[in-house]
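Asks: Residues per chain, in single letters:
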Amino acid sequence: MFSSIRSRIIIIVILALACVWSLRPTTVKVTKVVDGRPVDTTEILYKPALGLDLQGGMHLALELDQSRTVSSDPARDLDLALTVLRKRIDEFGVAEPLIQKIGKERIVVELPGVRDPARAVAIVQRTAALEFRITDETSALDKALPAMDRALRQLGVKAGPGQQEDQSAVQQLLGGDSTKKDSTGDSTKATAQDTTPLIGGVLSSLIRPGSEVGLQPMPGEYAVPQQATARADSLLRLPEVARLMPRGVTWRWSAAPISIGAQPYQLLYILEDEVMITGTSLVDAQAQLDQVTQGAIVTFQLDRAGGRIFSRKTAAHVNDYMAIILDDRVQGRPPVIQSQIGRSGQITLGNKTIQEAQDLALTLKAGALPIPLKIVDRREVGPSLGADSIRGGITAGVVGTILVILIMVIYYKASGALAVGALALYVLFALGGLAMIDATMTLPGLAGLVLSIGIAVDANVLIFERIREELVHGKTVRLAIDDGFKHAMNAIVDSNVSAVLTALFLFQFGTGPVKGFAITLIMGIAASMVTAIFVTRTFYMIWLERKPGMSTLSI
Amino acid sequence: MIRLFANANYDFISYRWKAIWATVIIVIPGLLLLLIRGLNYSIEFTGGTLVQIESPRPLNVADLRTGLDRNGIPGSEITEFGSSQEFVVRARLQREGVDPNNTQETAGAVTAALQKVLGAGGATCLERAPTGTEPWCVKRTEAVGPKVGGELRQKAFLAIFLSFFAVLAYLAYRFEWRFGLAAVIATAHDIVATIAFIAVLHLEVSLVVVAAILSMVGYSLNDTIIIFDRVRENLRKMKRESFITVLNRSINETLPRSVLTHGTTLSSLLALTIFGGEVIRPFALVMFFGVFTGTFSSIFIASPVLMWIERKWPGVAARGLKPDKAAPAPSRKPQPEPVSSKR
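Those protein sequences? They're chains V and R, same order as listed.
Plus 6 on top of the position in the first sequence (first one is 1) and you've got this note's numbering.
Plus 3 on top of the position in the second sequence (first one is 1) and you've got this note's numbering.
These are calculated hints, taken from the structure and not from any lab test.
Careful, some of the hints might be misleading.
[Claimed, not checked] Straight line, CA to CA, 25 Å or less: simulated SDA-like cross-link-like pairs of lysine to any residue:
id	chain 1	residue 1	chain 2	residue 2
1	V	Lys110	R	Asn10
2	V	Lys107	R	Phe160
3	V	Lys107	R	Gly153
4	R	Lys240	V	Arg112
5	V	Lys53	V	Pro389
6	R	Lys240	V	Leu485
7	R	Lys240	V	Val483
8	R	Lys158	V	Val503
9	R	Lys150	V	Ala81
10	V	Lys380	R	Gln107
11	V	Lys93	V	Val36
12	V	Lys319	V	Glu137
13	V	Lys358	R	Gly153
14	V	Lys110	R	Pro103
15	V	Lys492	V	Val426
16	R	Lys119	V	Ala124
17	V	Lys481	V	Ala423
18	V	Lys358	R	Gly124
19	V	Lys107	R	Glu108
20	R	Lys150	V	Lys319
21	R	Lys119	R	Glu108
22	V	Lys110	R	Tyr18
23	V	Lys107	R	Ile46
24	V	Lys419	R	Asn10
25	V	Lys380	R	Arg60
26	V	Lys481	V	Ser390
27	R	Lys119	R	Arg60
[Unchecked claim] In silico contact screen, one side only, chain R against chain V (beta carbon under 10 Å); selected entries:
id	residue
28	Ile81
29	Thr82
30	Glu83
31	Gly85
32	Asn104
33	Asn105
34	Thr106
35	Leu129
36	Gly135
37	Ala215
38	Ser218
39	Arg243
40	Phe246
Note that the structure is a prediction, hence the values are computed from the model and not measured.
The beta carbon of each residue, even a glycine, is placed where N, CA and C say it ideally should be.
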């Protein structure tokens, strides 16, 4: 079928059309959450798709963070986390995201075109473990504090020092929620103020019932000056102290500090061990603005079974305070349960933006991560750098191509022009082939493509040199061309196969950008073989048919 | 018609010792430097944080460095990236209480320190560079845990090593083991020479550079194979000639092709080096060197090694007595090929 010129031309045209077809831009529908409502937008996708390093975006590799909680079944937890992340990113609205498990302990998330990386990281990394607990009404901490202080005195822990050093740690602990104003002045004042009245009790000087600092009385609520939070936290975590915490209760910090007068306080809540309900029973969550306070709130719906349990438990706790705990932080001041609560409720978020509320609603709906995740590899490329790279790559490609064309035409004359025609088809085939297999074009890939333009003519050069040799040996033009192609074939196949082999290893070991390079290289080699062997040959056949009696060849 | 080296007849093989000495003289200092200074691995391989920032006004590298030193990021590596408003900061954070594998913490520390030095800012750069009073912005962030980096390094070495054996196996199948061995020894030479080159220039070894080394391997092999293909063909034709004559003849016959292909490849690489941008430049540089060392090794390493192997273990197959299964039998002309007269 390859013998007649017509069938060859048809094949080339079909190949070219297929490549053009696969290179056409497509549109994709993406649902984005804008102001609490899902909005369908269409985005244009160009082919071959651009990698993160060219269009900008974010690449994250995540592993289970077992520094606080140890997973009992890491494999299952990772799979669970994968499902949760898929749902979250689906809701987040990114065109063509990639969420994939790599090996046994890693999840890779790629989000092209993300403009706000901090927000994307928060959505991916937030554990979103929601739970409701009743505040302790047995004054458990009041009773335990003296014993704790005695234990600390035996350990030689003194009040006062160490508070200032922990300053930065406090801010880290609070997730950067607090404004980063310099609070050294406050801190020294507070230290003096706190240590003087209660000499002796380290913890009891730091931790005081909320009512004593001017809060409306609530059982189980304590206030700690914000700058002393890290110290109180580390003291409470000491095994000698933790041992003395009464059974049946647990403690949690508030999510944001509260200011009384000029002094910000972090609130410490002593809570019942028994959880009323957790986020696993949640079926829907929406962000809203509170009608009265204009603050952001998240309303939620529980499933049927969860609703039954919740209403039964809240009925038993009317007039008690219920803390809403998200990722081990108490959200807002616990509200009073005024009556039995059914399937729906709301979380008040304090001074957060509606966007943050939306992101929280999104993560709550998608479900909690079984174990916190840590990011072991994070790469972000801004859209401007990507644009620079594309521009540079295209300029290099154009200049490189012009140089190659000049060399070929000057050296091989008309035959060189044939090779240039084949080179144009080569670029089309390589790009089209990449689009067909849904490969992504990365920056190294772009470099590989530019490089391969130089290498692609190698097959042509081999053939032309052979034809020249045959002509020198006195063969006719037609025979020289036939034999030239035939004899060059071995070298072309062998050299290309070994190049593909090394590219395959590159593909195997590389991450995103390098994989893109390997694919471009392989596709380039394949395309160059097709164009050099098949297309150039066809051009010669057409040429010979037009001029059957050609006695000299322009080569 | 222009024909470069049309009837070239250089006695390449007789220069083999000089060539090998030249290699040794170039490679040894590079390897010594490698031992003393080590390779400059990128943070992809060592773990750490890279932040590329763009500032609305020109900055001074020294100021930036002392500022970061003072704010808890000691010993960071800061390089200007194209202009005095664009910088790459590389930090390898080793601090008590910070899990280096938790890149959230390490990258956060670098951004916080930058905010202390440069003021508020640190959002992702959009299409336009910041000007006037606009805050500084981040063009690129890479935060890699040492664990991921270590794995990557291991994989890179494995890839280079395994590709070796795959090529050896393929060449052994297509030619025969003597050719395969000679080609792989030449390739080993290329890799060692390239690593020495990287050590001398103190180029940063990133994933892209490893990609360049592997493609350089492919390119150099390509060259060797094309010469060997000629050798195999000429061995069948020139049964009465000595092995050295066959080798020299094959190298000379493929010389025009080599010149042309290297010419086009180098012009592509030149375009990449000049226009491709900072990220791609190391790749282009390594490939540039690779083209030269690849050409050199195909002629002066692969061919003499093949000769020595042939001397030590003379084989019938190498002399073309065994019919080659894989390659179609070339249509042989009855009269002997004209051999150009020796000088």
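Asks: For every hint, state whether the structure bears it out.
Replies: Verification of the supplied hints:
1. Lys110(V) / Asn10(R): Distance ~60 Å between lysine 110(V) and asparagine 10(R) Cα, so the pair is violated.
2. Lys107(V) / Phe160(R): Holds, at roughly 24 Å.
3. Lys107(V) / Gly153(R): OK: lysine 107(V) and glycine 153(R) at ~19 Å, within 25 Å.
4. Lys240(R) / Arg112(V): violated (58 Å)
5. Lys53(V) / Pro389(V): holds (18 Å)
6. Lys240(R) / Leu485(V): Distance of about 20 Å is within 25 Å: holds.
7. Lys240(R) / Val483(V): holds (23 Å)
8. Lys158(R) / Val503(V): Holds, at roughly 22 Å.
9. Lys150(R) / Ala81(V): holds (19 Å)
10. Lys380(V) / Gln107(R): Answer holds: lysine 380(V) to glutamine 107(R) is near 7 Å, not above 25 Å.
11. Lys93(V) / Val36(V): holds (14 Å)
12. Lys319(V) / Glu137(V): Holds: lysine 319(V) and glutamate 137(V) sit about 13 Å apart, inside 25 Å.
13. Lys358(V) / Gly153(R): violated (40 Å)
14. Lys110(V) / Pro103(R): holds (21 Å)
15. Lys492(V) / Val426(V): Measuring from Cα to Cα gives roughly 21 Å; hence the hint holds.
16. Lys119(R) / Ala124(V): Holds, because 19 Å separates the two Cα atoms, which is no more than 25 Å.
17. Lys481(V) / Ala423(V): With a Cα-Cα distance of about 23 Å, the restraint between lysine 481(V) and alanine 423(V) holds, given a limit of 25 Å.
18. Lys358(V) / Gly124(R): holds (20 Å)
19. Lys107(V) / Glu108(R): Holds: lysine 107(V) and glutamate 108(R) sit about 23 Å apart, inside 25 Å.
20. Lys150(R) / Lys319(V): violated (46 Å)
21. Lys119(R) / Glu108(R): holds (17 Å)
22. Lys110(V) / Tyr18(R): With a Cα-Cα distance of about 54 Å, the restraint between lysine 110(V) and tyrosine 18(R) is violated, given a limit of 25 Å.
23. Lys107(V) / Ile46(R): holds (23 Å)
24. Lys419(V) / Asn10(R): Holds: lysine 419(V) and asparagine 10(R) sit about 20 Å apart, inside 25 Å.
25. Lys380(V) / Arg60(R): violated (35 Å)
26. Lys481(V) / Ser390(V): Violated - the C-alpha atoms of serine 390(V) and lysine 481(V) are around 58 Å apart, more than 25 Å.
27. Lys119(R) / Arg60(R): With a Cα-Cα distance of about 16 Å, the restraint between lysine 119(R) and arginine 60(R) holds, given a limit of 25 Å.
28. Ile81: Not OK, violated: isoleucine 81(R) not within 10 Å of chain V, min 18 Å.
29. Thr82: Violated - the Cβ of threonine 82(R) stays beyond 10 Å from chain V, reaching only about 15 Å at its closest.
30. Glu83: With a closest approach of 15 Å, the glutamate 83(R) hint is violated.
31. Gly85: holds (9 Å)
32. Asn104: holds (5 Å)
33. Asn105: Holds: closest Cβ of chain V sits about 5 Å from asparagine 105(R), inside 10 Å.
34. Thr106: holds (5 Å)
35. Leu129: With a minimum Cβ separation of about 6 Å from chain V (threshold 10 Å), the hint on leucine 129(R) holds.
36. Gly135: violated (17 Å)
37. Ala215: holds (9 Å)
38. Ser218: OK, holds: serine 218(R) within 10 Å of chain V, min 7 Å.
39. Arg243: Nearest chain V Cβ about 20 Å off; hint violated.
40. Phe246: With Cβ-Cβ at 20 Å, over 10 Å, it is violated.
The structure fails hints 1, 4, 13, 20, 22, 25, 26, 28, 29, 30, 36, 39, 40 (numbered hints given earlier, in ascending order).
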